[in-house]
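Engineer: Chain residues, written in single-letter form:
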Amino acid sequence: MLRKLLIGTMLGSALTVGYTASTYAAGGSVEVLHWWTSGGEAAALDVLKKKLESQGITWKDMPVAGGGGEAAMTALRARVTAGDPPTAVQALGFDITDWAKQGVVGDLGDVANKEGWDKVIPTALQNFAKHDGKWIAAPVNVHSTNWVWISKKALDAAGGKVPENWDELIAVLDKMKANGITPLAHGGQAWQDATIFDAVVLSLGTDFYKAAFIDNDPKALGGDKMVEAFDRMAKLKSYVDKDFSGRDWNLASAMVIEGKAGMQMMGDWAKGEFLKAKQKPGTDFVCIRFPGTQGAVTFNSDMFMMFKVGDDKKAGQLTMASDIESPDFQSSFNVVKGSVPARTDVPDTAFDDCGKKGIKDLAEANSSGKLFGSMAHGYAVPAAVKNAMYDVITRHFNGELDSKAAAKALAEAVAAAKG
Amino acid sequence: MADATMTARAAAANPRATLQDLLPKIVLAPSFAVILIFVYGFIAFTAVLSFSGSKLLPDFSTWVGLNNYVRLFNHPNWITALQNLAIFSILYIVVCSVIGLALAIFLDQKIRGEGLLRPIYLYPMALSFIVTGVAWKWFLDPGIGLEHVMQSIGWESFSFRWIKDGKMAIYTIVIAAVWQSSGFVMAMFLAGLRGVDNEIIKAAQIDGASTMTIYRRIIIPLMRPVFLSAFVVLAHLAIKSYDLVVAMTDGGPGTATWTPALFMQKFTFGRNEMGMGAASAIIMMMMIFAIIVPYLYSELGGKKK
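Residue numbers (our numbering), protein chains in the order written: chain A, 243 to 661; chain B, 178 to 482.
Think of the hints as simulated: they come from the structure by calculation, not from any bench. One should not assume that every hint holds.
With a straight-line cut-off of 30 Å between C-alpha atoms, the simulated DSS-like cross-links for lysine-lysine are [to be verified]: (1) A:K484 x B:K314; (2) A:K291 x B:K344; (3) B:K232 x A:K650; (4) A:K484 x B:K344; (5) A:K376 x B:K232; (6) B:K314 x B:K344; (7) A:K477 x B:K314; (8) B:K232 x A:K502; (9) A:K452 x B:K344; (10) B:K344 x A:K502; (11) A:K660 x B:K232; (12) B:K417 x A:K556; (13) B:K232 x A:K479; (14) B:K344 x A:K550; (15) B:K232 x A:K461; (16) A:K650 x B:K314.
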């Protein structure tokens, strides 16, 4: 690991020499570190790239695929340690805050104030995109995680009524089981277990979600209500198939698409899989909020975190930030990506029904104060605490802990991770 | 002291001799410097990090003493990792040695086609642990692998789902690792067996010893140095076990197959707990030293006596 760091350092400084020579010739350039390498994501990012190139700014791509950005963050460490950070870096939640604390991020104030970002970007997102009152990141989109994707055919066979609360959900799952399909398509990876847990906790009340995940109140984390949340997880586990462990989320989506499974509880990136399979929202699949969470949204937002760069690159950086927040980019990007715009004033005309619902729900949750960062996706607690929670959730889901022990372990793990 | 005066005298007498004396040192200096910085320098750097409060980046402004080590040994995942390491390394080393020795003895019976069989057993060693891991992951996956095939050819009740079972998953990693390494151990033993003096065996035969007795009382005891080498090679592979676990289970189901190396990587880079990651790396290094140092002592120190 340390060897890598030093090699990165040396490589980084070698690159610096190359840049200074080339940037002056090109006039303006941005170097972008990201992990959007899969088909749909790359296509979405291409929208931004084209827009910048039409403004005469060269795009230097630095894709580091894999691990939900973990590999990218490792590469970033080397670049920052070398004193040569990229212009913009795709980043999530508390990673942005962690980097901001290192004092290496830039300031987007010039653009943000002129364009009035404060008014159009939801406050919950601003908590991450701003640090000490300064804009440091440009939010690209908002994914929400408390979605359920149901196969229309399986739902019709199970009575056709969309479940609106926990009991109705269980009734539908039971009927699907009786109909001989896997009721719940799920992949047994810690982050997927946690994604469902997000929604389950939210379904027990927005105050409870806030107390447990945002405020990390030990009483909420280890209390009776948390035991109930774990009981609900255990109940949901009884509806997954035997081979769930280790399965990737898109394979779980495929099970719903092929009709082998009834539903999947997953963030709205799952929609892309349905659309790719030529399925239509409303006729082939149904998108609903996790039963009992309508009106509240747990979000996960991709942002481009901007680093402190030399004056020669500053103009390109600000142009990029401005482009990201332009309503037409927000619309065209998010239609492709499956998420919803990060500003609340973008028209929803280009979006499909699920997208329209997502935009409406986001605006509603934002104004009612029920928009919360997703714990599972690093928008509620820092990485160390998040992963401590993952450990407990996934151990419980895999039957290593019972619900009471899990609630106790959750409170202890969070306390230990904070220490 | 005496050497230095002699060199100085020689240098004064003959510049050519000086050059001859210095040349090996000059040639070796770069690699020596590289090892000094990149191996020992970074070991020291990691040790320093493990006492710091480093989170995202190395941070030498906050010092937490032994706190990282205290938190490490209070962390359930680290305890799981240590237990897994114990299960994995004991089984891996024992089973590999037994299979390796057995294969070597069978191959040593002057059989026909040895030239063909030997590379077949050795071949898995040519694969990386990642390839082995992915192949075994698919092979053991109940949905597509062994269980699926057995059930689809008619053995309906066949069940083998260890890789999905938190209590048994670590044993599937042992299976894959043994498959990969036992051929290599076989090659080591084969070389050892070929080195046994035929005279001893003939003498034993004349004394009327059975083949079993010859192996049990003479040949296997003669393999002692090979056992030791195999142990050292396998033990450090076991402690470093990372790629195989990542490819096969990535620590799952749950946290059931975490190993110390996986812990180090996940904490340092995934959880922004660089201090704790460094502490776990130091503990791992101490475990390896605990194996290597006595070995080197017995190998190098023993001969001098």
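Engineer: Given the proposed pairing of K232 of chain B with K479 of chain A, does the C-alpha separation stay at or below 30 Å?
Structural biologist: violated, 35 Å
Engineer: CA of K660 of chain A to CA of K232 of chain B, is that 30 Å or under?
Structural biologist: Holds, at about 12 Å.
Engineer: K291 of chain A and K344 of chain B were given as a pair; does the straight-line alpha-carbon distance stay at or below 30 Å?
Structural biologist: violated, 49 Å
Engineer: Assess, step by step, whether the Cα of K314 of chain B is no farther than 30 Å from the Cα of K344 of chain B, and give holds or violated.
Structural biologist: holds, 16 Å
Engineer: Take the C-alpha atoms of K650 of chain A and K314 of chain B, compute the straight-line distance between them, and say whether it is at most 30 Å.
Structural biologist: violated, 33 Å
Engineer: Sort out whether K314 of chain B lies within 30 Å of K477 of chain A, counting only the CA atoms.
Structural biologist: The given pair, whose Cα atoms are some 28 Å apart, holds under the 30 Å limit.
Engineer: Taking only the CA atoms, is the gap from K344 of chain B to K550 of chain A under or equal to 30 Å?
Structural biologist: violated, 49 Å
Engineer: Run the distance test for K232 of chain B versus K650 of chain A: straight-line Cα separation, threshold 30 Å.
Structural biologist: Given that 30 Å is the threshold and the Cα spacing comes to 26 Å, the pair holds.
Engineer: Can you confirm whether the C-alpha distance between K452 of chain A and K344 of chain B stays at or below 30 Å?
Structural biologist: violated, 35 Å
Engineer: So if I understand the rule, the pair passes when the alpha-carbon distance is 30 Å or less; does K484 of chain A with K314 of chain B pass?
Structural biologist: Holds, at roughly 16 Å.
Engineer: Under the criterion that the straight-line Cα-Cα distance not exceed 30 Å, is the pair K232 of chain B, K502 of chain A satisfied?
Structural biologist: violated, 44 Å
Engineer: Against the 30 Å threshold, does the CA-CA distance of K232 of chain B and K461 of chain A hold or violate the hint?
Structural biologist: holds, 27 Å
In the structure shown, a violation is registered for the earlier hints numbered 2, 8, 9, 12, 13, 14, 16, in ascending order.
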